Amino acid sequence: MNAVAKIQPDVRVNDFVLKIANVNGTGSASANGLLMKAIFRMGVPVVGKNLFPSNIQGLPTWYEIRLTKDGYKSRAGTTEFMVAMNAETYDQDLAEVSPGGVLLYDDTWPRPEMHAREDITAIGVPLARMCNAEFDNARTRVLMKNMAYVGAVAALTGIDVEVIRGLVEEMFGTKAHLIEANMRAIQLGLDYIREKHAEPLNLRVEPMDKTAGHIMIDGNTAAGLGAVYAGATFGAWYPITPSTSLMDGYKAFCEKFRVDPETGEKNFCIIQAEDELASIGMAIGAGWNGARAFTPTSGPGISLMSEFIGFAYYGEVPVVLFDVQRAGPSTGLPTRTQQCDLTLAAYASHGDTKHICVYPADPRECFEMSVLSFDLAERFQAPVFFMTDLDIGMNDWMVEELDWDDSYVPDRGKVLSAEDLEAMDKYYRYEDRDGDHIPYRTIPGVHPKGAYFTRGSGHNWKGGYTEDSDEYKEVLDRLTRKWESAADAVPGPVIVECGKPTRRAIISIGGCDGAVREALDRFNAADQPLNYLRVRGFPFNSEIEAFMDAHDEIFVVEQNRDAQLRTLLINETAVDKTKLVPILDYAGMPANPEFIYDAITAHCETEEA
Amino acid sequence: MTSMPKPKISKHLPTNKLGLTIRHYEGVMSTLCAGCGHDSVTAALVQAFWELDLAPESAAKVSGIGCSSKTTAYFMGQSHGINTVHGRMPSVATGANAVNGDLHYIGISGDGDSLSIGFGQFAHAIRRNLNMLYMIENNGVYGLTKGQFSASADIGTKSKKGIANEQTPIDPCIQALTLGAGFVARGFSGDKSQLVPLIKAGLMHKGFALIDVISPCVTFNDHAGSTKSYAHTYKYYHPLVHTDFVAQADEITGAPDADGLLSVTLHDGGVLRLRQTESDYDPRDRAQAIETLMTPSDTGEIRTGLLYLNEDMGDMHAANSLPATPLNAISQDVLCPGSEALAKLQARYR
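Heads up: the protein sequence lines correspond to chains A and B, in order. If you count by our numbering, then the first sequence holds residues 1 to 609, one letter each, in order. If you count by our numbering, then the second sequence holds residues 1001 to 1350, one letter each, in order.
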């Protein structure tokens, strides 16, 4: 025991950050998930962030668990309790602990440098030694070392061991020997702390009742589940971080809900394509043929798909693209988060193209907007971009339980049946019969009168090939009006009024929401109130422009270098661009309120000086 | 310009079992050069569909970009068609096929579309054993961009300007054989009597059926010194296997040849009667087919006909356990698990 605590910090109950530093590939994810879930089950709101490298084994990885009794939704940006399991990053991890915080380390090997700080409590636990004595093979020892720190952390902070046991039992189901082994490892950590470390820590977990009616789920799983509920039957994909788990989720739910137990027939088809050029082509083929079809990908995939996206736009083929954004450009940082495809998606492909986009902020919205994306794609007969990111997609978020309305009827848009066609004199694919800029579609095989030829080359309202200027422009202009009309069909903005007169506001998007709201609380507390609008769909509806008109200074908070949301706002509205102040967090980490608060404060101070 | 419909003069024309004349299977007027081999292929397709008594709406046409790919507008005007992006027809066909396997998928491509820009998609559609007829209208040259060599140009063949190609050609039939296609054929646009039965057989074959059709480009690759000219192909093309297609409902008449006749019943109906023109060539032997195609002929023969057939391979639908009801026709109440299931499911996330 090498604990030296020079200062006695305040007791913090259910309000601190527990961070585990580990080595990729050691199986720490399940141990960390166990800790977070146990805290959640004790009724304490949590925010979990897995900060992992683009690597399978050997590089440093961190897992952050923020306990937030106030129910905040983002990273705090500080670390009060560090579990330092990675010798390679030890110095960095040690330096990161907030004054008055705690550092837990494996003291199987002596580490004199740990004395470098006297303002924190360092607690050594011989995790490796205990596990080596208790377990046989090398792999088990590595895995169990993680479980042992779960026990130690639980004992130090007061996490309920019975809750942990319940989770371990659920995790391993009928495999009793695994339950026993994991609990034995947890007990090693628990017993060691109870025996050697009598004084309670200043960082404590105590039961609350603030997680009832909530679940912990990641956005990719929720979006995949949404695709199942929306009735999507076809998905094509090429594996790419961080979107892979979206298709994994869709597949798992389809296997649960869509397989005939007697015949083994599957009411879904998933094709792993040879590349993204093919995956989007397949989804377009399925959409053209009347199925709800999608492809999950990330920025590099969207780049490859761009030619086909223009084809679907011009040929008016419904298809849903899930873009789980990661840090670019090029290969960039594949395991770090960004909102860097906003302009790419909005205008993807050569020639004049504009697309419908939705921007969920958390997994619950991922579920809802996944369903909505399929409705929008079919209603507007167009590609629809579901724009999420690695932070939302791959981290477990605490959200309200998902709801489903059984009266939901998919919006299939204007599709003519055999009877409709039989009754028609003549059918033309791109005829604007209703004056709402949306033509009628037919599905192959339904009726010979419905036959038409889909082409990416110039075509007229009849669907015929044309190089005639007027005929060409007529179709192109209708497409603009069709796209504009989607402004009222995409999710409207969420506006949070501070209730006080102010000339300043924040506009933000997607996963920045939690950090922005927490920053707003701080601004309010500092008597610097700001109004807030979160954009949820593209094209922008009129509320967004009205909100900008009502403010003199608007901070546009987003996660990319080039202020892409700001670019879209300037490009698509009449806003005076000097009013829009970019607040850009593009370091690849999930948004945090500290950054937003500091950046806006710094701007205001400069302005006032 | 805009596309022109063909005049529909159907008086006194014979009808098929659906009461349709061959005119019902035509499309808009071709805009290809007069004498283009592709127009002969289009005519063969029209005849094959008509003779098979297939309802026009039961077919779906897919193509990429190029002279060949344009032809999907020139036949089956009462069928849906999709003229996709360059080299990507196989992916669109894959998605379309996955959600409705009841249609007959006919893909038209060219040597540039399939063997250069779309080589990857061509290969992977074969690997998936997509149930479709895939036609390559192969002329060794890029027509729309005025005469560059394509990847199927033979070594030594000369361009219009007299320059010889020095790069190894890609033979789509050899590729298809090595990638596991169950139906591999080569035809010649100048021999409709051979091509029509091949098309019918390819349409009825369950799984990926490739027909590589040598289809001379009369504008950019029909000169002396070209190995894809009409004259060269006409002189050297050599049927290795003679193919007759007999619809299943028809009585098979005539005594089978004593020597070299093989009858194969196709999954989707119809019987193929194959006659070997060389007694030692067996179209069920993949290794022999590859070896034959890879061995240069002493006399410069272009081997044609149904080069390989295997009816016993499952297709993409079987591999994915897809249901009998097409995915695009399954109702939402079957597809959506509903609110109760969602509530139950969420226990694991608490």
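One or more of the hints may lead you astray.
[Unchecked claim] Not everything, but these chain B residues come out facing chain A in the computed CB check (under 10 Å): (1) G1027; (2) V1218; (3) V1271; (4) L1327; (5) I1330; (6) S1339.
[Stated by the list, open to error] Computed far set for chain B versus chain A, every beta-carbon distance over 10 Å: (7) T1021; (8) P1056; (9) L1179; (10) Y1234; (11) T1299.
[Stated by the list, open to error] Stretch by stretch, here's where chain B covers chain A in the computed footprint (C-beta under 8 Å, at least three residues): (12) 58-68; (13) 451-461; (14) 568-575.
Source of the hints: derived by calculation from the structure; they are not laboratory data. Keep in mind it's a predicted model, so treat the numbers as computed, not measured. We put the CB at the ideal spot given by N, CA and C, even for glycine.
Here is how each hint holds up against the structure:
no.: 1; hint: G1027; result: 8 Å, holds
no.: 2; hint: V1218; result: 22 Å, violated
no.: 3; hint: V1271; result: 26 Å, violated
no.: 4; hint: L1327; result: 4 Å, holds
no.: 5; hint: I1330; result: 6 Å, holds
no.: 6; hint: S1339; result: 4 Å, holds
no.: 7; hint: T1021; result: 14 Å, holds
no.: 8; hint: P1056; result: 5 Å, violated
no.: 9; hint: L1179; result: 12 Å, holds
no.: 10; hint: Y1234; result: 32 Å, holds
no.: 11; hint: T1299; result: 39 Å, holds
no.: 12; hint: 58-68; result: violated (count 0)
no.: 13; hint: 451-461; result: holds (count 8)
no.: 14; hint: 568-575; result: violated (count 0)
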